[in-house]
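Visitor: Listed below are the residues making up each chain.
2 protein chains.
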Amino acid sequence: MRGVIMHAPRDVRVEDRDDPTIEQPTDAVIRVSAACICGSDLWPYRGDDPVRRPQPMGHEYVGVVEAIGDDVSEVSVGDFVVGSFFASDNTCEICRDGYQSHCVNRVPMGALGTQAERLRVPLADGTLVVVPGSPTESQIRSLLAASDVLGTGWFAAVAAHAGPGKTVAVVGDGAVGLLGVVAARQLGAERIIAMSRHADRQQLARRFGATDIVEERGADGVARIKELTDGLGAHSVIEAVGTQESMMQAIRSTRPGGHVGYVGVSHDVELPGGELFGSGVHLHGGPAPVRQYLPELIELIMAGTIDPGAVFDLVLPLEDAAEGYRAMDERRATKVLLTP
Amino acid sequence: MRGVIMHAPRDVRVEDRDDPTIEQPTDAVIRVSAACICGSDLWPYRGDDPVRRPQPMGHEYVGVVEAIGDDVSEVSVGDFVVGSFFASDNTCEICRDGYQSHCVNRVPMGALGTQAERLRVPLADGTLVVVPGSPTESQIRSLLAASDVLGTGWFAAVAAHAGPGKTVAVVGDGAVGLLGVVAARQLGAERIIAMSRHADRQQLARRFGATDIVEERGADGVARIKELTDGLGAHSVIEAVGTQESMMQAIRSTRPGGHVGYVGVSHDVELPGGELFGSGVHLHGGPAPVRQYLPELIELIMAGTIDPGAVFDLVLPLEDAAEGYRAMDERRATKVLLTP
Chain F
1 MRGVIMHAPR DVRVEDRDDP TIEQPTDAVI RVSAACICGS DLWPYRGDDP
51 VRRPQPMGHE YVGVVEAIGD DVSEVSVGDF VVGSFFASDN TCEICRDGYQ
101 SHCVNRVPMG ALGTQAERLR VPLADGTLVV VPGSPTESQI RSLLAASDVL
151 GTGWFAAVAA HAGPGKTVAV VGDGAVGLLG VVAARQLGAE RIIAMSRHAD
201 RQQLARRFGA TDIVEERGAD GVARIKELTD GLGAHSVIEA VGTQESMMQA
251 IRSTRPGGHV GYVGVSHDVE LPGGELFGSG VHLHGGPAPV RQYLPELIEL
301 IMAGTIDPGA VFDLVLPLED AAEGYRAMDE RRATKVLLTP
Chain H
1 MRGVIMHAPR DVRVEDRDDP TIEQPTDAVI RVSAACICGS DLWPYRGDDP
51 VRRPQPMGHE YVGVVEAIGD DVSEVSVGDF VVGSFFASDN TCEICRDGYQ
101 SHCVNRVPMG ALGTQAERLR VPLADGTLVV VPGSPTESQI RSLLAASDVL
151 GTGWFAAVAA HAGPGKTVAV VGDGAVGLLG VVAARQLGAE RIIAMSRHAD
201 RQQLARRFGA TDIVEERGAD GVARIKELTD GLGAHSVIEA VGTQESMMQA
251 IRSTRPGGHV GYVGVSHDVE LPGGELFGSG VHLHGGPAPV RQYLPELIEL
301 IMAGTIDPGA VFDLVLPLED AAEGYRAMDE RRATKVLLTP
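Same order as they appear, the protein sequences are chains F and H.
What the first sequence shows, in the working numbering, is residues 1 to 340, in sequence order.
What the second sequence shows, in the working numbering, is residues 1 to 340, in sequence order.
Hints in this document: simulated from the structure, not taken from any laboratory.
The reader is advised that the hints may include incorrect statements.
Since the list gives no way to pick one copy over another, a pair counts as held whenever it fits inside one copy or between any two copies.
Claimed, not checked - Computed list of lysine to any residue pairs in SDA-like fashion (alpha-carbon distance at most 20 Å, straight line):
1. Lys-226 x Arg-96
2. Lys-226 x Cys-92
3. Lys-226 x Asn-105
4. Lys-226 x Glu-275
5. Lys-226 x Asp-212
6. Lys-226 x Glu-93
7. Lys-226 x Asp-97
8. Lys-226 x Val-104
9. Lys-226 x Met-248
10. Lys-226 x Glu-245
11. Lys-226 x Arg-197
Looking at chain F on its own, in the form it has when it is part of the complex (with noise of 0.2 Å):
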């Protein structure tokens, strides 16, 4: 089969790869219906991240189950299906407490790679959520957001306690704060702030549900959602960038008894604790537990109630994938959706 490589930083090439098996009783084999380019393949394509050896990539993914091992009895082969980045038991005592992403028996699909034609699914009973009936294309372009970006959106405007009568303000504007802003609105909050200064984004945010835009960044940032809060800050702030300066940000434009709900993968991030106890706000956040979320995004998707799916502002083939992680890094894209 197809599938992509990264051999070095910006030298990622789609090669010939072994078709995956069922190798554990508890495997599953999809055929990939649609995968994408996450904005964390972009730490090691800038060389941010280590690239040591060729490594396969992607880990999102919707897909049609080929194959099942022996012990799987939860999908059937032709389901359509959806996953996320982690595999997960979901039987294990954290994944009972809703933390699927930090499962005992976890397997990062990243090192799998989805960005593929075909792919092993370890943990398919606890890792895998049938989607009822036949998605069309705009669906399946939402079903895939639900594997990551919308799922690790949704946890954070739920960290952030994002809810009816409450203010909240999205630091980053790419596919996981803006799918912040369609969770914080189906949470019903009252006021959703996005922090961003490109048109095209701020367009998309709007139209998800941001009734506010603030184009400063830091401390100008910061004042501006003050400003906009009585002075008090945001009631919940939503971090999806991973820097020192998002991080504080964010935790500088809560207020006090307030909750941060952070999901950007911590880059060189050193929290400062004196700042952090004076600041009394709550902070929970990491890679998502999406796994939980699953079945209530699809339901959401094939209902039509949202439409995330509206963050692919780019269609590649699978065997255009450099082009895709090129327009990403360059910003012309959001977020690129590969068709195998």
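Please arrange chain H on chain F, whose structure you already have, making use of the hints.
Guide: Just chain H now, kept in the frame of chain F:
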């Protein structure tokens, strides 16, 4: 009147100070029945916080109202009252959300100095809570504990989501940590692990409800907590020290999705963003909104349900405050009560 002044590290004197008066119509003046020395008072005493000029000391207090300003209506002359270490209006949006220690009009009581015969309490209506009847000497001790260390331990336990079915670990065996054990027990925790290597404090922790004692610290302490919790970590961890080691010990002792309640005043702490991201824990803390809990704590104390006053293991007249500081610095006492 007489009051404690710190002139420099290790230079604590009891001196004549001006009697406080009503300065604002929202003030009250109280005769201090009991005050005490806080673990945080040791930071300047040890030279870890600067002492730039002679400063009045103390921020914990209970006493009897002697005078009230024209706008005070909730407390009357003669009332026995408890307040916390921040005066707060208890009416602003932050107070109404239960974060009185971040009140937009807050006044730090430490700047006024409660280790004295009399005390001006700003924002008296919002700050002071009246104790019904006339408390006994033993109840006065416990009410004084409510003023800070109990209220702070309580907040830490709430922030750590201590409750039924939960395993709670407590990092720090000072008065706050020990009273965090009391709080965790009252909140219904199933198992409470006190981390302490001092026999007397271990004994008090057990009396307060600890079910397990862990003597190890740092990585060994974390390993021991993991051993006791099926390799997962505690659900809830109370951090009551404020150093880099204690914060990391708390975070690493918590399972993914679990809660760290941190109330040790941070000193030179830098939290590594990547590790925090990967941990999946909830982090909440800072200066405790003790005012929120005072009515409930007073009720529990007056009913004899809890006996937090047991943390005071040395009682001295105010005139001997310097000896009290020495005793706490040398760990001869856990918590020193001063009687003016």
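Visitor: Indicate, hint by hint, whether the structure satisfies it.
Guide: Verification of the hints:
no., hint, result
1, Lys-226 x Arg-96, "between (38 Å within a copy, 19 Å between copies)"
2, Lys-226 x Cys-92, "between (42 Å within a copy, 16 Å between copies)"
3, Lys-226 x Asn-105, "between (43 Å within a copy, 17 Å between copies)"
4, Lys-226 x Glu-275, "within (17 Å within a copy, 30 Å between copies)"
5, Lys-226 x Asp-212, "within (13 Å within a copy, 45 Å between copies)"
6, Lys-226 x Glu-93, "between (40 Å within a copy, 14 Å between copies)"
7, Lys-226 x Asp-97, "between (35 Å within a copy, 17 Å between copies)"
8, Lys-226 x Val-104, "between (41 Å within a copy, 13 Å between copies)"
9, Lys-226 x Met-248, "within (14 Å within a copy, 31 Å between copies)"
10, Lys-226 x Glu-245, "within (17 Å within a copy, 34 Å between copies)"
11, Lys-226 x Arg-197, "within (18 Å within a copy, 46 Å between copies)"
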